[in-house]
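Residue numbers (the numbering used here), protein chains in the order written: chain W, 1 to 216; chain P, 1 to 376.
Rather than coming from a laboratory, the hints here were simulated on the basis of the structure. It is possible that part of the hints are untrue.
A partial selection of chain W residues facing chain P, derived with a Cβ cut-off under 10 Å [to be verified]:
no.	residue
1	95
2	118
3	120
4	127
5	134
6	145
7	200
Derived PhoX-like pairs (lysine-lysine); straight-line CA-CA distance at most 20 Å [as the list claims (entries may be wrong)]:
no.	chain 1	residue 1	chain 2	residue 2
8	W	44	W	133
9	P	256	W	110
10	P	109	W	2
These stretches of chain W come out as covered by chain P in the derived footprint (C-beta under 8 Å, 3 or more residues) [unchecked claim]:
no.	stretch
11	31-37
12	160-168
Glycine included, C-beta positions come from ideal geometry on N, C-alpha and C.
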Amino acid sequence: MKKDLHILGSCHIENDKIWVNGKTRYESSVQDESPIAFLKSAYKELGIKYAKFHKMDALCKLGFIASEFLMEGLGRPDLPTTKTGIHLCNSSSSLDTDMRHQESINDLEKYYPSPAVFVYTLPNIVIGEICIKNKIQGENAFFIFDVFNASEQVSLIRMLFEETDTECCLCGWVDLLKDEYEAFLYWIDVEPRNGKQGLIFNELNLEHLYKTKKFV
Amino acid sequence: MTPAVHMISNNMISSLGFTTAEHIESFRLGQTGIIPFQTLNETFHVSPINQALLEQEWDALAVQPNYEKLEKLFILSISKTLENQDIHPRNDDCLIILSSTKGNIDVLKQNHNRNAYLYEMTRNIARHFEAANRPQIISTACISGTLAGIMAYRYIKSGRYKHVVVSGGDLLSDFTLSGFNAFKALGNTDCKPFDKNRDGVSLGEGVGTILFSSESQNSDNVIQITGGASSNDANHISGPSRTGDGLHLAIQGAMKQAGLSQNDIGFLSAHGTATPYNDEMEAKAFHLSGLQDCPINSFKGYFGHTLGAAGLLECIAAIESLRRNEIYPSLGFEEMGVSQPVNIIKEFRKKELHHVLKTASGFGGCNASIIFSKVS
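Work out the full structure, taking the sequences as your base and the hints as a guide.
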């Protein structure tokens, strides 16, 4: 029989607010901040020093911040690095940065493509950034969907655990385009880690967690 | 019983033609599709698809013309792959998985064109084939195509689908040319993977499609996927690992799954982009994996780096090597240019093959590898 998988933690970020494991963890005191300004204030809240954060594009900052709050909520466990996967998805791919790169080449008179921008014109760079921070070396995949779909997620992630040596995986949705953004990351494990029991990983629980932000 | 994953049919489209057979002919003759091409006030060595031929092929298909260029290429390639097959995406036991890094990147200049969204493109293509299941698209840099093959393997092996059509595609565009150029990653000549004088990538465009199924067809040489894995360097977002440990990890994962050791691999189709750092990293990873004596090539010298199509085009090339017991020269290679020497194929020859390995690596530190085996 196939073993149950567990959701051990989650992090939602939207509307200038961060929820960890169902509880509000950080809220900006400033109204209607730009995503970048909000993510910078969330970075300060984390209380970490990580110079690479400041070089990231907005999508990577969003994914990175969400992953850091998720890890904090998990109690920053020791990970089986080569058996830890990252499986993310979104709908806007890297379009936010793609548009910046496109603007820099539209006019040959004002032509200024930059390698520091171009490197972020791929959605999976955010996976790379989270891997570097946490020394994660396991399975990697970035999928594009129109919307977050719990049933598709459960099928894909279950398959990953059934077909590979993966023991735990950072999963979820990281989407950002202009002023619109949404992150929903969750941690899947084959067994309770750091004494956390979590929720059984199935479509019902994942859909409920995504929609209500309640970790019950 | 766990289903086996069989290769049923495939198609390759690139500068070398619109069929797999045309590609094999070029590999045998050592002919490249890379040409000098002027754009953005500079000359680049690139591998473009012949536009007139594309229009001709598209007209022959006689479908509604309101598709973007890349969508036409996907539809053509998938149609050719499904020709004479009973399997079709309109049946609910069949899934379509696409791979692409940039999709319809040529429409990004136009404001509000929804087709710039990767899922919109995916849906357009699935709609053409009246797909019964929601299609999927992987966008994981230059491992996208190889990863799509790995996903097909997992979907069939786990019993979720009986048949999977995987198709990878990307265009040659000012977007990617200007970006790779800003990175100083483009070569001044046709690319020369693993060569001492290599100086960068030649970009290309194309689509590669494979139909996989749990049902095998009556044939002397049945080709199966027997292993696949991905990994991350956790080192740098744009620079390849200095040790090759990430790629080594992906190779080990695929070998373990296939139950094979390094001596079983008869041919390795490397990523081989011809940038100094990439090829160096790969050579180190192949040494770590004990594959330094295995015949290796990079197909980039034939049709350039086709990004999200690369993994699938090169998987097909590796599958055809395996099926035909032939190995093809690594075009552009003359003198060993990596610090840990590997066995680069210099000329076309016959070689009895049982298992072949395809590897890929990309920005974001990602790596993937997949193994194809021949069952007599």
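How the hints compare with the structure:
1. 95: 7 Å, holds
2. 118: With Cβ-Cβ at 4 Å, under 10 Å, it holds.
3. 120: 8 Å, holds
4. 127: 6 Å, holds
5. 134: The hint holds - residue 134 of chain W has a Cβ within 10 Å of chain P, the shortest such distance being about 8 Å.
6. 145: Status holds, d = 6 Å.
7. 200: 20 Å, violated
8. W:44 <-> W:133: 17 Å, holds
9. P:256 <-> W:110: 52 Å, violated
10. P:109 <-> W:2: 48 Å, violated
11. 31-37: n = 0 at 8 Å, threshold three: violated.
12. 160-168: With 5 residues close enough to chain P, the hint holds.
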